[in-house]
Amino acid sequence: MIKPLGDRVVIEQVEQEEKTASGIVLPDSAKEKPQEGSVVAVGTGRLTDNGERVALEVSEGDKVVYSKFAGTEIEYDGKQYLILRESDLLAVIG
Amino acid sequence: MIKPLGDRVVIEQVEQEEKTASGIVLPDSAKEKPQEGSVVAVGTGRLTDNGERVALEVSEGDKVVYSKFAGTEIEYDGKQYLILRESDLLAVIG
Amino acid sequence: MIKPLGDRVVIEQVEQEEKTASGIVLPDSAKEKPQEGSVVAVGTGRLTDNGERVALEVSEGDKVVYSKFAGTEIEYDGKQYLILRESDLLAVIG
Amino acid sequence: MIKPLGDRVVIEQVEQEEKTASGIVLPDSAKEKPQEGSVVAVGTGRLTDNGERVALEVSEGDKVVYSKFAGTEIEYDGKQYLILRESDLLAVIG
Amino acid sequence: MIKPLGDRVVIEQVEQEEKTASGIVLPDSAKEKPQEGSVVAVGTGRLTDNGERVALEVSEGDKVVYSKFAGTEIEYDGKQYLILRESDLLAVIG
Amino acid sequence: MIKPLGDRVVIEQVEQEEKTASGIVLPDSAKEKPQEGSVVAVGTGRLTDNGERVALEVSEGDKVVYSKFAGTEIEYDGKQYLILRESDLLAVIG
Amino acid sequence: MIKPLGDRVVIEQVEQEEKTASGIVLPDSAKEKPQEGSVVAVGTGRLTDNGERVALEVSEGDKVVYSKFAGTEIEYDGKQYLILRESDLLAVIG
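Residue numbers (numbering that gives the first Met the number 0), protein chains in the order written: chain S, 0 to 93; chain C, 0 to 93; chain H, 0 to 93; chain Z, 0 to 93; chain L, 0 to 93; chain R, 0 to 93; chain W, 0 to 93.
Treat the hints with care, since some could be wrong.
Restricting the straight-line Cα-Cα distance to at most 25 Å, the calculated cross-link-like pairs of lysine to aspartate or glutamate (DMTMM-like) are [said to hold, decoys possible]: (1) LYS67/H to GLU14/H; (2) LYS78/S to ASP61/L; (3) LYS62/Z to GLU72/R; (4) LYS2/W to ASP61/W; (5) LYS2/W to ASP76/W; (6) LYS62/L to ASP76/S; (7) LYS62/W to GLU11/W; (8) LYS78/R to ASP61/Z; (9) LYS62/H to GLU59/Z; (10) LYS62/L to ASP6/S; (11) LYS2/Z to GLU56/H; (12) LYS67/Z to GLU72/R; (13) LYS62/W to GLU72/W; (14) LYS2/W to GLU59/R; (15) LYS67/R to GLU14/R; (16) LYS62/W to ASP6/L; (17) LYS78/R to GLU14/Z; (18) LYS67/L to GLU11/L; (19) LYS2/S to GLU11/L; (20) LYS2/W to GLU11/R; (21) LYS2/W to ASP6/R; (22) LYS62/C to ASP76/C; (23) LYS62/R to GLU72/W; (24) LYS2/W to GLU14/R; (25) LYS62/C to ASP6/C; (26) LYS2/L to ASP6/W; (27) LYS2/R to GLU51/R; (28) LYS2/S to GLU14/S; (29) LYS78/H to ASP61/H; (30) LYS2/C to GLU14/S.
It should be emphasised that the hints constitute simulated quantities derived from the structure, not laboratory data.
All chains should be built: construct the whole structure from the sequences, respecting the hints.
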C-alpha cells in the first residue's frame, strides 16, 4: 500500500513506446516533454489557507499527462512509481 | 478526449502564416511574440485560497492570443496541442 | 475586437514625438522611461483571493502613463497595440 | 491633471540644496539616501486581498521622505514629478 | 523525549540495506532518492493563515517515504533521528 | 516632527561606546551585529490582508535592539535618525 | 530585561561539550548542525494575516533544539543570548 499525502498522487508511468496506442505522442521539440501514466492512488486533498481539505480532481484509474521533470521516483514491491503533486498534472486523457 | 485540469486550457495553435487572415500579425520586435490559437477544452476553474472554484473567462471555440513561451506541447490523435494556464492568455480576439 | 482577460488592458501607444502636445515629456534619465497611450479595451477585472472580481480603475478612452518595459506588443487589423496588466499603469493624465 | 492609480502617489521632488531649510539633511553615508518632496496627488488607495480599498495615510500637501531608488520619473507640463507606491514612503515631516 | 514543534515530525531512519524487506527500493536514477523511516513523534499541527491548528495526516508508528535532502539530523540518547516538516513527507507505506 | 508611516518606527541610535552602561555589548562575532537605540516615534500600525490596522508592540521611549543592516538613515534638525520597520526590531530591553 | 518581539524567543545557548549530559549529540555530518539551548523569554506571539496573535508553543525554561545558522547573537549584562524566530525552533527536548 502506498498512500500519498495531501495533494499528491501516485502514478504508474507508461513507457514511451506504448504511447502511440493510447494516442499521446511526445514531440521531440526543445520544450518539456510531458509524460503519460495512470493514477494508482490519490491523497486526501489540498489544504486551503483556512485549513479545509479540497478533494483532488483526479481519481484512481485516470490516465493523465504530466510535466516531465516533476515528482519523485520510487520502486515498491518490484514496480516503479512516481509521486507527484496534483499541480504537476496537466490533463486527463481518454 | 483531453480534459485539462484546474485553471488550464487546451489550445489548437494557428500556424504563423495564417495570421494575416484573422488579423493578428506578430511583429518581429525583440519583445515576446504572442501566439494565436483556438480553445478546444477548458478546465474546471481556478481554486481560490478558501477552496472555491472560479470558472474560466474563456470557453471552447474562443480565439485567443497568449504568450509565446508559455505552456506544454503535446500531440494527441495525430494533432498538436498546447496546454496553458488561463493566466498565460492575454486576450480573446474575433 | 480584442477583449483583454482579467486585470489586463489594451493600449494604443502614443508615438514619442507627439508627447509634447499632451504634456508628457519622458526625460532621458537613466531610470525607466514611462510610456503614454490611450486605453482601447479593459478586462473584466482583477480576481481577489476569495474569487470576487474587482473592476479596473481605468476605462476606455483614458490617457495613461505606464512603465516602459511592461506588456506584450501585438498588431491587429494593421494597428499596433500593447496588452498590459493594470498594475503596470502608473497614472491617468488629462 | 495626473491622477495616480491604486496605492500610488505623485511627488514634486525638493532639490537637494533646499534641504537644510526644511530640516532634512541627507548624510552621504554609503546607505540609501532618502529623498524629500511634497505630495501633489494620491491614488484611490490600496486594494486588500478581499477586494476592499484602504485609503492612503498621506494627503496632498504633505511633506514626505522616501527611498532614493523608488518610483518612476515623468515630466508633465514642463515640471518634473516622481510616481511612487505608498510603501516607498518612509515618513511625513513638518 | 523529543517533541517536534508545529508541522514537524521526528523520524527514525531505516538503513538503505533493510529496504528490500519492507518493499521500498530506491532506484539509482539521477533523480532525488526518497528515504524511508518510521514516525516516532508528531507536532501539534500546521498553523493556518487565520491562526487555527490543522492536525498532521501522519501518526506515531507510520512508515513513510520522504525526500532525501529534507530535514535536520540529530542524535538523542545515542540514537539518530531526522526532524522534517510534514510537507517533506511523500507517502505512508505499509 | 517626523511621523513614520504604517509599520515603521523612528529610532535615535545609541553610539557603540555607550553600550556597556545600558548592558548591551555587541560581540564582534562574524554574525550580524544588532544595534541599540530608543524609539522616538511609531507609525499607525501594520495593515493586515483584510485592511485592518494592528498597533505596533513598541512605543515612544522604549529601548530596542534591532538588526544592523536594517532601515534608512536621515538627519533632521541636526540629529541623526534611523527609520525601520517593526519587523526589524528584535527585542525591547530595560 | 530582554523582551523579544512578536514571534521571537530569547535563548541561552548550551555549550557544545555539555551536550552529552542532556542527551543531544550533534553529529559532524555535512548537514546543518542543530544547536541546543534553553528559552529565557518568549514574544507575545505570531500575528496572523487577519491581525490576531497566536501564542508561541514554547515557554520559559523549555530546552529546545534549533537550526545552527538562525538568529542574532547579543550580549546583555555580561551573558550571551541568541534571539530567534519560533519557526527556527525544531523541537522541545527533555
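Structure-based check of all given hints:
With a CA separation close to 13 Å, the supplied pair LYS67/H and GLU14/H stays within the 25 Å bound. For the hint pairing LYS78/S with ASP61/L, the CA-to-CA distance comes to about 21 Å; that is within 25 Å, so the pair holds. Taken as a hint, the LYS62/Z and GLU72/R pair is honoured in the structure, with Cα atoms around 17 Å apart against an allowance of 25 Å. Distance restraint check for LYS2/W and ASP61/W: the Cα-Cα separation of roughly 17 Å lies within the 25 Å cut-off, and the hinted pair is therefore satisfied.
With a CA separation close to 14 Å, the supplied pair LYS2/W and ASP76/W stays within the 25 Å bound. For the suggested pair LYS62/L and ASP76/S, the alpha carbons sit about 15 Å apart, so the restraint of at most 25 Å is met. At most 25 Å may separate the alpha-carbon atoms for a hinted pair to count; LYS62/W and GLU11/W meet this at roughly 10 Å. The suggested pairing of LYS78/R with ASP61/Z holds, with an alpha-carbon distance near 21 Å, which does not exceed 25 Å.
As the CA atoms of LYS62/H and GLU59/Z are separated by approximately 22 Å, the hinted pair is consistent with the 25 Å bound. For the suggested pair LYS62/L and ASP6/S, the alpha carbons sit about 19 Å apart, so the restraint of at most 25 Å is met. This hinted pair checks out: LYS2/Z and GLU56/H have alpha carbons roughly 11 Å apart, not beyond 25 Å. Restraint check for LYS67/Z and GLU72/R: the C-alpha separation of about 12 Å stays at or below 25 Å, so the hint holds.
For the given pair, LYS62/W sits about 18 Å from GLU72/W by alpha-carbon distance, which is consistent with the 25 Å threshold. Distance check on the hinted pair: LYS2/W and GLU59/R sit about 16 Å apart at the alpha-carbon level, within 25 Å; holds. About 13 Å separates the Cα atoms of LYS67/R and GLU14/R, which keeps this hinted pair within 25 Å; it holds. Between LYS62/W and ASP6/L the CA atoms are separated by roughly 19 Å; this keeps the pair inside 25 Å, and the hint holds.
Distance check on the hinted pair: LYS78/R and GLU14/Z sit about 20 Å apart at the alpha-carbon level, within 25 Å; holds. Our distance criterion of 25 Å between C-alpha atoms is met by LYS67/L and GLU11/L, whose separation comes to about 14 Å. This hinted pair checks out: LYS2/S and GLU11/L have alpha carbons roughly 19 Å apart, not beyond 25 Å. A distance of roughly 19 Å separates the Cα atoms of LYS2/W and GLU11/R; the hinted pair therefore holds under the 25 Å criterion.
Distance restraint check for LYS2/W and ASP6/R: the Cα-Cα separation of roughly 19 Å lies within the 25 Å cut-off, and the hinted pair is therefore satisfied. For the hint linking LYS62/C to ASP76/C, the alpha-carbon distance of about 22 Å falls within 25 Å, and the restraint holds. At most 25 Å may separate the alpha-carbon atoms for a hinted pair to count; LYS62/R and GLU72/W meet this at roughly 17 Å. Restraint check: the Cα-Cα separation between LYS2/W and GLU14/R comes to about 21 Å, which is no more than 25 Å; the hinted pair holds.
Only pairs whose Cα atoms come within 25 Å are accepted, and LYS62/C paired with ASP6/C is accepted, the gap being roughly 17 Å. Distance hint between LYS2/L and ASP6/W is fulfilled; the C-alpha atoms sit about 19 Å from each other, no more than 25 Å. Our distance criterion of 25 Å between C-alpha atoms is met by LYS2/R and GLU51/R, whose separation comes to about 20 Å. For the given pair, LYS2/S sits about 23 Å from GLU14/S by alpha-carbon distance, which is consistent with the 25 Å threshold.
For a cut-off of 25 Å, the pair hint linking LYS78/H to ASP61/H stands: about 18 Å separates their Cα positions. Between the alpha carbons of LYS2/C and GLU14/S the distance comes to roughly 21 Å, so the proposed pair stays at or under 25 Å and holds.
Checked against the numbered hints given earlier, the structure satisfies every one of them.
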